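Participant: Okay, here's what each chain looks like letter by letter:
There are 2 protein chains.
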Amino acid sequence: MAEEAQTRRARAGREGRRGGRHPGTAPAYITRRIPPYEMLSEEALVLVEQQADRILEEVGFEIRGDQEAVGLFRAAGAATEGFRIRPPRGLVRSIIQASCPTSFVQHARNPARSVVIGGEATVFAPAYGSPFVTDADRGRRYGSLEDFRNLVKLAYASPWLHHSGGTVCEPVDVPVNKRHLDMVLAHMTLSDKAFMGSVTTAPRAADSIEMCRILFGADFVDANCVILGNVNTNSPLVLDGEASRVIRTYARANQAAVCVPFILGGAMGPVTTAGALAQCFAEAMMCVALTQLERPGAPAILGNFLSSMSLKSGAPTFGTPEPALGYMAIGQLARRLGVPLRCGGNLCASKIPDAQAAYESANSMWPAFLCGAHFILHAAGWAEGALAMSYEKFVMDAEQCGAFHTFAAGIPIDENAFALDAFHEVGPGKHFLGSAHTMRNYETAFYDFELSDNNSYEQWSEEGSKDIVQRANARWKAMLAAYEPPPLAQDRLEALEDHVARRKSEMPDAWY
Amino acid sequence: MAEEAQTRRARAGREGRRGGRHPGTAPAYITRRIPPYEMLSEEALVLVEQQADRILEEVGFEIRGDQEAVGLFRAAGAATEGFRIRPPRGLVRSIIQASCPTSFVQHARNPARSVVIGGEATVFAPAYGSPFVTDADRGRRYGSLEDFRNLVKLAYASPWLHHSGGTVCEPVDVPVNKRHLDMVLAHMTLSDKAFMGSVTTAPRAADSIEMCRILFGADFVDANCVILGNVNTNSPLVLDGEASRVIRTYARANQAAVCVPFILGGAMGPVTTAGALAQCFAEAMMCVALTQLERPGAPAILGNFLSSMSLKSGAPTFGTPEPALGYMAIGQLARRLGVPLRCGGNLCASKIPDAQAAYESANSMWPAFLCGAHFILHAAGWAEGALAMSYEKFVMDAEQCGAFHTFAAGIPIDENAFALDAFHEVGPGKHFLGSAHTMRNYETAFYDFELSDNNSYEQWSEEGSKDIVQRANARWKAMLAAYEPPPLAQDRLEALEDHVARRKSEMPDAWY
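Chains as they are written, first to last, in UniProt numbering: chain S, 1 to 512; chain W, 1 to 512.
Treat the hints as calculated values from the structure; they're not laboratory data. Just so you know, these numbers come straight off a predicted model, no measurement behind them. You can take every hint at face value.
Since copy identity is lost for identical chains, a pair holds within one copy or between any two.
Dumping the calculated BS3-like pairs for lysine-lysine here, alpha-carbon to alpha-carbon at most 27 Å:
hint : residue 1 : residue 2
1    : LYS178    : LYS504
2    : LYS477    : LYS466
3    : LYS430    : LYS312
4    : LYS312    : LYS466
5    : LYS312    : LYS477
Excised from the complex, chain S in its bound form (with noise of 0.2 Å):
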């Protein structure tokens, strides 16, 4: 295992040296070979469970609008009255743990980039949701369809980005009703990364897995995870009928829900981080619930979205260090109850590249990292608190990203990595760069941030003084300008770009 570890290094660490612009033979997905960290104790792991499980059956969690799904519950043996579910204690976790997998393959169209999400596995994807793009040139703007392909690209150029994320901006051009099918054509043709679909609507969303079907076939996407589906809930404690429908619809095709309690601490959720953490865990779990009663056996993904308030203004604060201790507290929850986990990774306020929104993503990724996530979404670009994608961020968190695969590798500890021949040919007091050892391994040895200026002061000097967001800037223009499309067969190109436009004109434009 020692030695794979060092061969996945070592793979990885010529990778990283290409300079980010062609995924190459990167991993496809982090294999964590360090454990995650345990932090609650068991008891206070048993007390936060209960704790759900009181929410869930005391005060009951609502699906407005959606009377087939609170009857799934219904005859799963919860009460209900209205909207309103009341599930015994215990009846949710039994429902998930029946049928829901531990571990699944999302697919991607390349077969050697298809994910696991589960077990030992890390996957980073995109950051989600932003309606502004920014760089250092042109400033903050609404995304457009161009800003997307052009994240779409450079998330198929950047080696340490496992997935294709989903709505990496917003193309505001785009007629709301009509993006989708623009997004997930832009996923399928100009990545070979798995990906995710809408989840505006039912429809939409029924839209995006039939777009899969035309690019995989109808029997593989029946038989296999091609697609996820992001929804959040309407916390407190309720799912909107349509948000549960979208859930249905990825469950009836046998994709993936990735469900996920939005709480801004002290209004969606208490201030105190037990409790937020609890009610956080309840929803998350109703919504798994409903995908196995939907389909039992669907994959689906446990999310969290836990988020601290600043007391000055009321905002949303991140990188701070509530939400570290609840994703650390979650991590631990998903694995008692088995259901892939979903993190956001490199999540900031800041509404520009600096220092701050360094910080606060370092203090959002660290956790989500060792907390044992699955799946770690915002993993690149995110920026002032989802509002905007960051071209500049999307590059420096691409290689934070990297430096966790070499993290993930543990020390590899065997008769090579413990070096006792350099020991005694060095011996004391001499230096070790020329020694046999240093000469067999350094290739391999270190993880080399290439955004990072480690030179003097004199030369850096010399070389203008940039700050790392200058040379961000550089790179990412690099990358798309080195950019090449992954193959894809013509019929299936074809296919799709029909099914888009035929299906864009059954719709009038709507623009809201």
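Chain S is already provided as a structure; the job is to place chain W on it using the hints.
Facilitator: What follows is chain W alone, placed relative to chain S:
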């Protein structure tokens, strides 16, 4: 315990909102209520320990130019030859475990600021050793005594820094052979937090301790730790005789030597993490053992400084994954040995406090904290790979240290934290903003980074689109403007000043 943690958080929360201008009632140090991260298996840890033993037994360790120190190891049972010491396996560990304290108090002159070093405690101290200082107004220049005094004042005024540190910058305008007197005097008079003394020569270390006798009383100093000395090995496998005499000077006075192998992988150690780790542990153990041979029972701290190297330039890099892995492992090794651990905190290579600096710093601080380090040096201000102390980064880093206070408190779990009453009161789909639970808890709920901007894009734009460096620049100036020295009895102050004047008059100026 949960209630106690809650109270601590509440207190820390109030303090954070004072604007970091005065340490007030902030905790004197962190008491961790969450476990350290256990990365390596028991089996792997035993292999690393055995490897450290083999390096010492087969290759050996030299204390060059200090036959007295070599003699101490010979008398304890090690084979020696010239300055080379080859302890049989297990000897060094048994020397340490026979008498070295697993935890001790470093007394500050204000007893409320005395710190525990070891156990569940974590202490943050500012960066150490940079010849340059830098700020946004004046750029980078050599440090002066005025800078030194400013930085001591900033550490004193930072509620989240527990310790005044040591050489917070080199006061290059003071003769080399007299600097230590001014530095120790500044720590003693401008702050009432615990501090570090000189380590450049044994007589300067003795001077530092002598000044402690004036401040604390000679009997108190003999019975209690009041000063730390941070000593580097000359890796690989060498301790310089001057450094060994410094270690022995501190130990003989019952003061704590911090024993730090400085290993740049590929230069002073192998490029592979397992080998560098075993080497680091072996060297640090030798130095800690030396303290116990000099004076059994003297406090000591096991240090480590593992860094990686840029494959492009050979320059040292920071915030990379290899040292992070090293931290996690050395944390486990130190706990098994039973000696308090020192790690570096907010390390970076960046010349300026940009996003590179912040990513790198967080990538260093997270593993330092999670590995269970007891004394985290370089927690604030470090820039340019220790060549510069940044005023802006100092206050930015200090706020990051603040967040770890909240993280360290874990998740309090009790009836109030679970907030079941609030769920009953609010119910599905409503908000918690005005609930009784929120009113009762919001003031102490969330850690607030005061230097972060969480306002809307529009408001932020109207306020000048500032980045965090601009806000940090205003912050440190306000802190210095508001600085008031802690009270010190006039006779002590005069005795210290007289001592410094007398010692200076006994020496000619030396500038190298």
